[in-house]
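*Asks:* This is what each chain is made of:
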Amino acid sequence: MKRTASRLVYTLIVLFVSSVAVFYAIRLSGGDATAAALPGSATEEYREAFRDRLGLNEPIYQQYFTYMGRILSGDPGNSLTNNKALTSMLSEHGRNSLVLGGTAFGLVFLVGVPLGIIASLRRNSWADQGIMSMSTVAMAVPNFWLALLAVWLFASRLGWLPSAGCCSTKQLIMPAVVLAFEGIALTVRMTRSSMIESQNSDYVRTLRAGGLSEWRITCKHVLRNALIPIISLAGLRIGQIVGYALIVETIFGWPGLGQVLVNAVLRRDYPVAQFFSLVLVTLVVMGNWVADTGYTIANPRLRKST
Amino acid sequence: MTGLENSRSSHAKAWDERVAAYEEEARSNPWRKRLREFSRNKLLFTGSLLGILIVGLGLVGPLFLGSNYAGQSLRNTHLPPLTEGYFLGTDQYGRDLLVRLCIGIRVSLFVAAAVTSIALVVGMALGMCGGFLGGYVDRVVRSVTDFVWGFPLILVAVLLAGGLGQGLLPVILAVGIVNVAAITRVVRGEVVVLRTKEFVEAARACGVSNFRIMWRHLLPNVMAPALVLASYYVAVAIIAEAGLSFIGLGAQPPLPSLGKMVADGRGFLRLNHWESTVPGIGIAGLVLSVSLIGDGLRDVFDPQLRHEAKGVEKG
Amino acid sequence: MSAVEIKSGRGEAASSLKGMPLLEIEDLRISISSEGSSFEVVKGVSLTVCENEIVCLVGESGCGKSMTALSVMGLLPRGVARVTEGKIDYEGRDLLSLQSRELRRLRGDFISMIFQDPITSLDPVFTIGSVLKEVVRSHRDVSRAEAKEIAVRALVEAELPDAADHLDSYPHQLSGGMRQRVMIALAIALDPRILIADEPTTALDVTVQAQILENLRARQREREMGMLLITHDLAVVASVADRVAVMYAGEIVEEAPVEELFANPQHPYTQGLIRALPDISVSRGSLHSIPGRVPSPQTPPPGCLFAPRCVHVLDSCWEANPELQRDGAQSLRCFNPQPFEVR
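Protein chains in written order, with our numbering: chain L, 276 to 581; chain H, 217 to 531; chain Z, 2 to 344.
Here chain L stands alone, though its shape is the one from the complex (with noise of 0.2 Å):
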């Protein structure tokens, strides 16, 4: 239990650090805000009236605390270029990565723990020299270029699938399994290395001992001892999953957090860009702190402090 308070404490004060530190790195480059809510005829003054208003000539640290404030009573203000509320396009953007990101991550587990015990029961086999060098190569293949193929491969060409758009089952396939693409090979790679570790370890060799048969000791025991660091960085992949999601759904035009973020820093829409921005870095740590506490329940050496 004290664990688990400390270690909520320790996310908060991270989620406290990266709000600061997204906060100055968006004000960081001292560009004008106002490039992208007026146009381009507008007179000085009437920027400097419209920096006032937005707050953007008092210095940074009350800023800080006056958009922290802004936020935690529930207005985060609006978007610079088209004025909407932020708090709308969250929740309407927020349902789409949802949507995107679970099913990736679904996936990843899914198709990834399976394939990867599969390639660690026939080692060596063609099973697993394939399964192993198709990972190698998931790895190395960027993603974006990946999508790219997928898109000309199943819509040009085959038709099968559409190639962009919301948020229909069919549209949803390929991004989601882009998206998902890297974090399957890298958990097919982690899996059957945990999964061969295990199996070396001492205790099998007692169990076996004791007469048990193979099948029952890889099953229940190697895959239990196994599966503990994977599900420790299951958070992790959250992380991971949030990043990819900003290509590929820039890619596939599917309208999500990642999507309106990198659309706001080309544009230099400083709220979009800040208040997104926090939003998926808090996601990130909060996906860390579950990895943490994942973790912790998954092995019991750690779950009492004797």
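Please keep in mind that the hints were generated in silico from the structure rather than gathered at the bench.
Each hint should be verified, as a subset may be incorrect.
Partner residues aside, some chain L positions facing chain H, computed with beta carbon under 8 Å [what the hints assert, rightly or not]:
id: 1; residue: Leu283
id: 2; residue: Val297
id: 3; residue: Gly405
id: 4; residue: Met409
id: 5; residue: Thr411
id: 6; residue: Tyr519
id: 7; residue: Thr525
id: 8; residue: Leu541
id: 9; residue: Tyr570
Treat the numbers as computed from the prediction; the structure is a model and nothing was measured.
Glycine residues also receive a C-beta, built at the ideal position from the N, C-alpha and C atoms.
Model the placement of chains H and Z on the given structure of chain L, informed by the hints.
*Replies:* Only chains H and Z this time, still in chain L's reference frame:
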């Protein structure tokens, strides 16, 4: 007992010599043994070949082909590969794809190499200090690395791009930061284990200074896992740079970045697909060869490392 | 106190109680393959373990004693070591030619084994109770409650304090000595005929060592098990063995009942080992050691394997490796045995 030492028979001496000769051979230069393993290791070999090919293309190609990556020729747009004078064809502005590919490879390599080498130095230094000195220094190092550790590379880069604008700088910084965090983590872990080993205790007992211990004893031992990890991160850096330039950050036109080239060709997938395919294959080949080299290096140096390396995050 | 005195403190002459032969190892040869080449680590070992006796297999690390033990259970690390020749007879059946299913039925139930390192030898994510019950139920058709009873009984017999409470403990919550008792419980729960113990006390504190050995001996006597105890520690041998086989570089060089071995060791290696035992009663004596090193399997000496280190070596010892000669209850592999002198 005394008789034994003085009057070893000729049999005994002959056998002693045989054992000595065998052990001499077995103990031969560890680097030579590693070199032998290197050539026997298929992964390393293939990866290196592939890598040399591609890297050679990037470094040496422009010397022969000219470095005119920006020269447009509106008359020769969208030419397919193997047309007269344009080995890989041209893009929408009539620019020679082969030249752009070579330069693009150069850019990718430059970013990856520069970032990774700096990250290696900084990461090893931080990791050794944190792991060896312990206490306050260690806690600071650990907090910072843990903080950066879970962050997807792309998100960090986008954030920095938000602040620093577009261009290579945010990419380099982002890749560098994440790289440093990962290397520091691994090095620190290694050092913590090494710290308890006898040879370190012995050095301490002899009064050797901390710095010397780190430099002479810890560094060589930490080098291997750090290098393996670094080679892995070179691949990560290449993909990250490509991905970021694909969505519009990163290298700005007319400088050809492989990712940007793929993005540019996106609109012409149906008819002139090579404009995306060529740089795409370039990226994949580059990353694949670096990955293979990294995997091979790891197999040669320490199969134990597999676990740590695969837990490392990309993205 | 010298080794001879340690042993005589025990009292009983157990060798007269032993029963029929249970396990007969005949001319066992094991090879290890690494980096493309293979070499023999066990070179024709023959050994018999009878009912109600404790046989100790003694030797330095690397002499092949663990490999011998593992091969009985069929637990040699696959792909690394394999039996190239020989028979291992258990109640008339050759264990080496058994199907894995039959072998599995024997393991734990008729022949069981305890290992050296209790820290890594227990599955860390399962409670010791669940592992015990699992092993019991894989051999006996009993209910969960009955399995639990058997488990508790085994833990009590292994002298684990608060046995019933510890059923829900995880291995990491127990000390090294306690974990080894769990291993013992696992091994005796199903009342096997033979128990093989591979350096069971090496990883433990000295005080705990004595307790564990006592426990093992008591259980062995109770159930009249045949026990094969592997160790490198002559003190252990002195305190529990009925019969001793000394192993060197993959061969058995001497075999004798324990009193004879300590009173009158014949092989120079055995003599060296006994001489090397520090003798507390002698103050300011020098420490004796056997000069030289164990030959690596890749470079065996041309004749007797012990020749390079032997104090009584003759030229003829370099030419051929002596055979193991049997003489009643004793065996010896030496061309030039000399009487033992304590110096």
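*Asks:* If a hint holds in the structure, say so; if it does not, say that too.
*Replies:* Here is what the structure says about each hint:
Against a cut-off of 8 Å between C-beta atoms, the interface hint on Leu283(L) is violated, since the closest Cβ of chain H lies about 15 Å away. Against a cut-off of 8 Å between C-beta atoms, the interface hint on Val297(L) holds, since the closest Cβ of chain H lies about 6 Å away. Interface restraint check: Gly405(L) against chain H, minimum CB-CB distance 15 Å, threshold 8 Å, status violated. For Met409(L), the interface hint is violated, since its Cβ never comes within 8 Å of a Cβ in chain H; the closest pair sits about 12 Å apart.
A hinted interface residue such as Thr411(L) counts as satisfied when its beta carbon comes closer than 8 Å to some beta carbon of chain H; here the least separation is about 6 Å, so the hint holds. Interface restraint check: Tyr519(L) against chain H, minimum CB-CB distance 5 Å, threshold 8 Å, status holds. The interface hint given for Thr525(L) is met, as the beta carbon of that residue sits about 5 Å from the closest beta carbon of chain H, less than 8 Å. Evaluation of the Leu541(L) hint against chain H yields a held restraint, the C-beta minimum of about 5 Å falling below 8 Å.
Hint status for Tyr570(L): violated, given a least beta-carbon distance of 12 Å to chain H, over 8 Å.
Hints 1, 3, 4, 9 from the list above are not met by this structure, while the remaining hints are.
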